[in-house]
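J.: Chains as they are written, first to last, in UniProt numbering: chain A, 1 to 192; chain B, 1 to 192.
Worth flagging that the hints you see were computed from the coordinates, not collected in a lab. It cannot be assumed that every hint is accurate.
It does not matter which identical chain is used: a pair holds within one copy or between any two.
Said to hold, decoys possible - 20 Å max Cα-Cα, derived SDA-like pairs, lysine to any residue:
hint, residue 1, residue 2
1, K108, L134
2, K12, T130
3, K12, E180
4, K53, N10
Okay, here's what each chain looks like letter by letter:
2 protein chains.
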Amino acid sequence: MYTLFFQHLNSKVQLTEEEQAHIKTYLTLKKIRKKQYLLQEGDVCKVIAFVEKGALRAYSVDDNSNEHIIQFALEGWTISDLYSFLTGDPATYNIDALEDSELVLISKSAHEELLQTMPKYETFTRLNITGAYLAMQRRLTSIKSSTAEERYQDFIALYPHIAQRVPQHMIASYMGLTPETLSRVRKRISSK
Amino acid sequence: MYTLFFQHLNSKVQLTEEEQAHIKTYLTLKKIRKKQYLLQEGDVCKVIAFVEKGALRAYSVDDNSNEHIIQFALEGWTISDLYSFLTGDPATYNIDALEDSELVLISKSAHEELLQTMPKYETFTRLNITGAYLAMQRRLTSIKSSTAEERYQDFIALYPHIAQRVPQHMIASYMGLTPETLSRVRKRISSK
DNA sequence: CGATTTTTTGAATCATATCAACGTACGTGG
DNA sequence: CCACGTACGTTGATATGATTCAAAAAATCG
């Protein structure tokens, strides 16, 4: 029902009722069950998905078939393989649902048309990607300058809701650790 | 003299002579000598700098006073502490010149005014930040799914010009390795 | 040229990965 | 609703790759 989506949109660029109704014509809703794929590696990513409800993850699989979680997306977050979406190249990421979820989808043609016809949508897009950039920069910095223990504590502090809803081995994958190591890190922390 | 800057700008959004002249009134030129700071941690980042000539780096210093290089910027690249620039909070990065350099500077007020009055400038900004986001995502993925050896080879392949102009220990810092480790990695590679 | 910075090499140490086993929780079909 | 099977988390022993500290060699700068 788009409510979270428009809440998010309005918090960044003030929209009239008409503008919202207009944008709505470009959007589609999708429900997706736990464990279902929204995107599989090799396919072209056709949509940007905004999470109204539920939880998803994006991950890549390396040559040794280890999964590496790139991103989690809970309510209010956006998820996509942006490179594939923008270029039309095959996706290098998989995206699947960690819980039954409801998504607001923006197709490529919708995205492009909104960008070209609605300045506020471009502003919204710019602010979104800027936020994503800054978040990723923080993540990169923390990977390089902190120990696993500090990083885990930072993660818990920054994303307590994720830690509660997502299995521990996925958090390990997100942080670039093995499940065994994260288990030991947690043990060390709790014994303090 | 802005030539590279406008080349870059024009390659993303087509501008008329008048539009270019208009934008030019918002820009300033700055020459900066090797080893000079453009920004020091703790100060507020007042500008976005586009590199016309030369080379700079952004880095943070952790609790053990180890430097971590966040980004290099050669000709045609943009460098800033974007978080500090956008929020006005004190910078967490230092930026200094690795060579004598020439920069095109965009102040915060110029940036904001251009964003609000010139849709093409907003488009340019959006495309820039999107590119930066995708580049950083690639970097993050490679950190997590490749060995030091592969990562170094990828770096050399992707940025041969940087490898030629920047001391090896800084590349180590950028890649999150100690200088000793990078030296050994190179030795292993060359003995193949 | 001398002084400083950068790179290389060696040896010891440390953090994390790997492999393997076990206990626990969970949800799914009977 | 119980029982079984699968997924998840923990623990231990060992291996591996990177760091650290120290020192020497090589390159660069003034």
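J.: Determine which of the earlier numbered hints do not hold for this structure and return their numbers in increasing order.
T.: 3
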